[in-house]
Structure formats: C-alpha cells, structure tokens
Amino acid sequence: MQERLTTDCDKVAGSRGLVDVERPGALLKDALRGLVAVFALQDAILIGYLVVTTVCLLGAPPSEVQAQCVHRNLAAIAALVSLCVFVRRATFVPSLLRSVVYRLSLVGTFLLNYLSLRNILPTVRSDSLDAELLHLDLLLFRFEPALWMERFNTRPIVEWFSFFYFSYFFICFTSMVLAVWVARPGRGTTEYAVGTSIVYCVGQLGYMAVPAYGPIQALSHLYQGPLDGGFFWGCVSSIVQAGGAMKDVFPSLHTAAPLWFALYTFHRARTDRRLFWLAVVAAFFSFNIIISTMLLRWHYAVDVVAGVALATGAAWLTP
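Residues in the sequence shown are numbered from 16 upward in steps of one, following the working numbering.
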C-alpha cells in the first residue's frame, strides 16, 4: 500500500485515468543524462575549446581565412560529437576497434588544433603584446632573461639546449604512446587524457588572449648576433618556420607539456615504482627544455612562469 501511495502521489486524474505529471520532465532528464554520458571529460574540454575558438573567430573581421577557420572548427566539432556517439553507443562494433578509432582521433585532433593556429592566431588577434610581456619580465626580474642568456651563445651550449628543445616532440610522442597505448586502460589513462587536454586547450587559448612573437623577433635588434648553432639548432629553426604558429609564446607549452608529463609520471610512480626513473628522466628533460625556451630566444621568462603554473594546475586538477 505504501508503494502504491508513493507512486501515485505524482499523478493526477485525467480523462484517461491517472496521468504522470513528472513524466515529460523525467524524459528530458533521462535524455540529457544519456547525452552527457556520451562524452568523457576530455571530450568536453576539447569541444569546449573548439566552441570558444569558433566564437573568437566569429568576432574577428570577415575574411576568406576567417571563414575557412570557422568552417573547419564547425566540422571538427561535428566530427568529435559523432566520434563520441560512435564510440559509446555503437555497441554492435567490437570494443577494440572503437577504442583504437577513439584514441587515434583524439591524437589527430590535438595535432590539427595546433597546426591550425598558424591561421587562427593572426585572424583572431592582429596585434602583438611583446612590449607588455617584456615589461612584466623587467618588473619581476629587473632584467630580461632571454637577453641576459646571450652570454652563453656558444656552439656547444646552443647545440645542447637545441637538442632538448627539439626533444619536446619526442617527449610528447613517447608520453602519449606509453600512457594511451601501452598502459592498461583505467584511471591513469583518464588522468593523462584530461590533464593533457587542459594543458593544450588552456595554453592555446592563452595564445589568443596574449599574442606575441617572442624575443627572437621582437627583441632581435637588441641581440649582438644570431645564435651560434649547428645541426640541432637548424632542425629546431626549420620546424618552427615550417609549422609553428609564430605568435604562440604565452604560456610556454614547451614548458607546460613536458613538466605536466613529468608530474604525471611521478604521480603514477607512487603506485608503480617501475615508473620512478622514467619520471626522473622526464623531469631532467623538462628542466633543460625550460632553460632552452629562453636561451634560444623563443620565450620571455613570464611565459615560462605561466607554463609552470599551467602544468601544476593540470596536475592539481587531475589527482
């Protein structure tokens, strides 16, 4: 009797008997709950990044490049939503295949997002805030570290740090392979995906909010001469010229990403001691990459500070 009374409390008499007045609301809640369940947190972060980027592009002056970027973003949003629905609702497809498609698609999305910045950044913001970043450095440190480090402009030192700067791409690839493809799927994989999404999406939005070319271009007239580099410096310079976003200095993702990977590995090493020395190596590379960002004239010190804050923030948000 109690169950019957409780069930009927939310019903009223109608022409066809008792009508559940909460049913439409319940259906809507169920539909929303089902929709939300389709997306993991990293999916929501990526889609949110694309939405914010699209809004920024829509606020930019109309142009052919602007229209292309908007259409590309809308297509990416539609593709990500479709991917999430496929991965989590197409149960008739083998789970292994869905997992492989999902992981490859996420990696591809990160890469395409970065490559598209070369067109997006100058479209969203045509100005440069190099003077403001230099002023912050002088305010915080009383000197500009990127200029001060010119005293170390010798071939061995430049090559040493060019090697580590270049290793950024290897660090990113290796961490992705180990965390996403080698490690057993679970909490650790999710933490990696969420933290990496935070680092790159927040960092790339920072590029749009604070566009700047960096000391290598903005302060070129203050240096006594070009960097005395060799093979590795040539590799770094060629890659940046070919695929770099050109106004991507604040925050320094060359600082944030390797540091985040090191912090993540140390965190995982607390439960898997086999990862401890891998974390130490990641930290060593991260330290050298951070120094290289200023010695090679790509970043102001405040960019590095922002990168450190971004990495530690991501580590704190994904315990």
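Possibly wrong hints are sitting among the right ones.
Stated by the list, open to error - Cβ pair distances, simulated, as ranges: (1) Val295 / Thr169: 25 to 35 Å; (2) Val295 / Val192: 29 to 39 Å; (3) Leu153 / Phe101: 43 to 53 Å; (4) Pro241 / Trp196: 16 to 26 Å; (5) Thr205 / Leu89: 26 to 36 Å.
Since the hints were derived computationally from the structure, they do not count as laboratory data. Small disclaimer: the values here were computed from a predicted structure and weren't measured. Idealized CB from N, CA, C, for every residue including glycine.
Right, here's what the structure says about each hint:
no. : hint                        : in the structure
1   : Val295 / Thr169: 25 to 35 Å : 28 Å, holds
2   : Val295 / Val192: 29 to 39 Å : 19 Å, violated
3   : Leu153 / Phe101: 43 to 53 Å : 52 Å, holds
4   : Pro241 / Trp196: 16 to 26 Å : 40 Å, violated
5   : Thr205 / Leu89: 26 to 36 Å  : 28 Å, holds
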